[in-house]
Amino acid sequence: MSAIDTSSVFVRAEMAEARAAPISTTGLVGWVRTRLFGSVFDGLLTLLGMAIAASVIWSIFDFAVVRAVWTGEDGGVCRTPTAGACWPYVTAYWKQFLFGRYPAEERWRAILVFAVFFGLLAPLALPKIPFKRLNALLFFVGMPIFAYVMLCGGWFGLEPVETTMWGGLLVTLVVAVTGIVCSLPLGILLALGRRSKMPIVRTLSVVFIEFWRGVPMITVLFMAANMLPLFMPDNVDVDKLLRALIGVTIFTAAYLAETVRGGLQAIPKGQYEGAMALGLGYWQTMGLIIMPQALKLVIPGIVNSFISLFKDTTLVLIVSIFDLLGMIQSSRSDPVWAAPSTGTTGYLVAAATFWIFCFGMSRYSMWLERRLATGHKR
Amino acid sequence: MAVGDEKRVGHLADSPPGVVWYNDPKWRSLIFQALTLLAVVALAWSVVHNTAVNLERRHIAQGFDFLSTTAGFDINQTPIAYPKDASYGRAILVGVVNTVIVAVLGVIVATILGFLIGIGRLSHNAVVSAISTAYVETLRNIPVLLQIFFWYFAVLGLAPHPRNSMQPIPGWVFVNNRGIYLPEFRFGGHSGLGLLVGLIVALVAIWLIDRWARRRQRETGLQFPLGRTALGLIVALPFLGFALGGFDLTLIPAKKSTFNLTGGIELIPSLIALTLALSTYTASFIAEVVRAGILAVAHGQTEAARSLGLTNGQTLRLVVVPQAMRVIVPPLTNQYLNLTKNSSLAVAIGYPDLVSTGGIVLNQSGQAIEVIAIWMAIYLGTSVLTSLVMNAYNRRMAIVER
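Residue numbers (my numbering), protein chains in the order written: chain R, 1 to 378; chain F, 1 to 402.
Simulated from the structure, these hints should not be mistaken for lab results. A virtual CB, placed ideally from N, CA and C, is assigned to each residue, including glycine. All the pointers check out, no bait thrown in.
Some chain F residues close to chain R (C-beta under 7 Å, calculated; not the full set):
#, residue
1, Ala-154
2, Ser-344
3, Leu-380
Here are the simulated PhoX-like cross-link-like pairs (lysine-lysine), alpha carbons at most 25 Å apart as the crow flies:
#, chain 1, residue 1, chain 2, residue 2
4, R, Lys-197, R, Lys-269
5, R, Lys-197, R, Lys-296
6, R, Lys-296, R, Lys-132
7, R, Lys-296, R, Lys-269
8, R, Lys-128, R, Lys-296
9, F, Lys-341, R, Lys-240
10, R, Lys-240, R, Lys-95
11, F, Lys-26, R, Lys-269
12, F, Lys-26, R, Lys-197
Per the computed footprint, the stretches of chain F lying under chain R, defined by three or more beta-carbons under 8 Å from a beta-carbon of chain R, are:
#, region
13, 117-128
14, 362-372
Produce the complete structure using the sequences and hints provided.
Now the structure itself:
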């Protein structure tokens with residue numbers, strides 16, 4: 001073996017001149033460069049956006065914390081021109097925000113109902129907790145009966161409480177939960193009716209669904225409040241809250257019917273054919289094969305309907321039922337507390353409450369969607 | 001009825017041998033439908049009967065005669081003439097026009113805002129997408145009625161008294177707790193007419209040029225700069241008409257009188273609050289619709305367009321937007337309908353829309369059934385009309401599949 005003759009080949013003897021390092025696109029600096037200041041326009045946009053965000057966050061913080069009035073006996077302390085949020089007003093009224101005019105010595109009943117509601121909801125909503133079927137039965141059947149008995153009273157020596165005394169978050173939750181629990185079965189029936197091959201059933205379902213979907217909820221509530229008493233035989237007196245509940249239920253059922261129909265349409269035809277080949281009848285096919293699959297598909301849609309229903313419960317204040325927003329609306333003009341910032345403080349509290357509920361539900365729905373995605377998508 | 005039962009019915013004229021008639025799906029279907037119809041008719045009859053009896057007992061008049069009765073209440077925004085002796089029918093008509101005003105304003109603002117935020121959420125710029133996300137997640141999770149109250153009572157309610165009006169453009173624009181006062185545009189001579197004619201001619205011309213350009217592109221592949229031409233025409237032609245008509249325009253600002261400002265264009269606080277709340281709320285939903293629409297265009301489409309040598313703008317204009325719009329338009333129309341229906345919340349802050357004025361008529365005349373029927377007919381009519389138009393649009397835009 002001889003040494004390689006280097007005279008006839010080129011071998012680089014010294015390193016090539018290093019190129020400048022490429023602009024970093026990783027790490028914090030890279031992130032700032034690409035995601036914040038990619039170009040001149042981008043940079044301007046970033047600065048403008050930061051300015052807007054800072055001013056919004058600061059004005060909320062300034063109002064709720066810096067300029068806020070923390071203690072006081074009445075609205076006088078909040079009537080200074082620079083006063084921000086009037087927190088003593090909330091301290092004085094928070095029980096009304098929760099329970100309305102529900103008698104003070106009976107409030108434990110409402111608290112108990114809240115506790116049972118959340119106590120049953122949590123294990124139902126979380127996975128991997130056993131006894132789902134029993135839990136669901138208790139939640140959808142047991143809980144409404146329990147809530148009705150506890151809240152209305154009149155049984156077991158409980159003092160009767162008129163629904164006109166109910167209010168605040170209690171009414172918001174009662175309307176929302178009754179709405180969803182009653183409208184879901186109705187919505188499923190309507191969806192099945194709309195997919196039916198029987199022309200009369202189908203036509204009736206379509207007309208019902210499209211009618212209620214076509215009108216604003218406020219007119220439905222007006223209708224329930226003003227026309228329902230006229231529809232009933234003379235000796236039947238329908239409670240005001242119950243009228244609103246009926247209106248809300250019918251309205252929501254129409255929307256849920258469309259959600260469920262979406263799920264039904266997504267089930268491949270082979271599932272129906274398979275069920276028929278096994279000799280199952282219509283209700284068996286639906287109950288055992290189609291619905292379990294269809295409802296699983298539309299759970300996010302149902303949660304979304306529930307979110308809109310939850311927000312729409314505020315509309316009952318227009319037919320003078322005092323939900324959370326209604327309580328704030330009626331208490332902010334209370335002469336004891338009336339001040340320029342009282343209303344804004346109340347709205348801030350209501351907005352935060354509704355936001356927590358709705359945002360929580362929407363996150364839950366998204367999480368559920370991911371969890372239930374069992375890879376059936378092709 | 002199950003899908004399959006019906007199929008069997010289609011094939012067999014009579015019950016299969018050995019099946020009793022009440023087990024025959026055909027008969028079952030007929031009987032079930034007859035029972036349903038019977039139940040619905042019975043329910044309807046009982047409702048009508050009860051209502052008739054109740055109305056009789058309470059001495060409530062029936063029929064639509066009350067519409068010609070004198071209304072006798074004031075309306076604080078009357079875009080069409082509403083004299084002192086106007087009828088209930090006229091009052092409701094004013095309400096309809098007011099609903100249209102707030103719906104149109106709301107739709108315009110919500111669309112612009114919604115598209116900006118929807119595109120913003122997809123932006124590469126971290127700050128822009130974070131702000132857009134925060135906007136959507138905050139606004140759509142707070143009830144719209146609360147937002148209306150916030151704007152009306154907490155923002156506009158704190159505006160100064162008319163005597164100390166704020167003047168963003170001193171002497172021309174006034175803001176106080178009675179509303180916002182803009183100067184009135186007054187056209188002299190024929191200049192207003194000229195402007196209008198110019199606008200109409202421009203629109204017709206654009207429509208014709210669009211048709212011609214499309215045909216030419218189909219036949220020859222040559223493109224025509226439609227956007228720039230349209231912009232030019234829509235600015236130039238009305239201006240030409242305005243100039244030919246006499247070039248005469250005066251701006252008349254509101255004047256201070258003893259208690260309030262008079263003249264000018266007055267925007268009442270409830271209109272501003274309602275428009276702001278409805279449009280910002282609906283914008284958060286439109287933003288999601290727009291985002292979903294853009295994401296629905298497969299990435300391969302953009303890549304294919306770029307490899308064909310289209311520029312960024314052309315890719316967007318010719319490939320991405322047309323496909324995204326196919327996904328965006330149906331839910332967008334739904335949002336417009338929702339906004340229109342939500343405008344009925346005007347009743348909570350006293351903006352004289354259809355439901356507000358109708359509510360006063362309802363209370364004064366006591367004829368709940370008729371008033372609610374009018375409400376529902378108008379809203380339902382709008383919805384049905386919109387869905388018919390939408391279905392036609394969808395048929396035209398649908399992808400032609402094999």
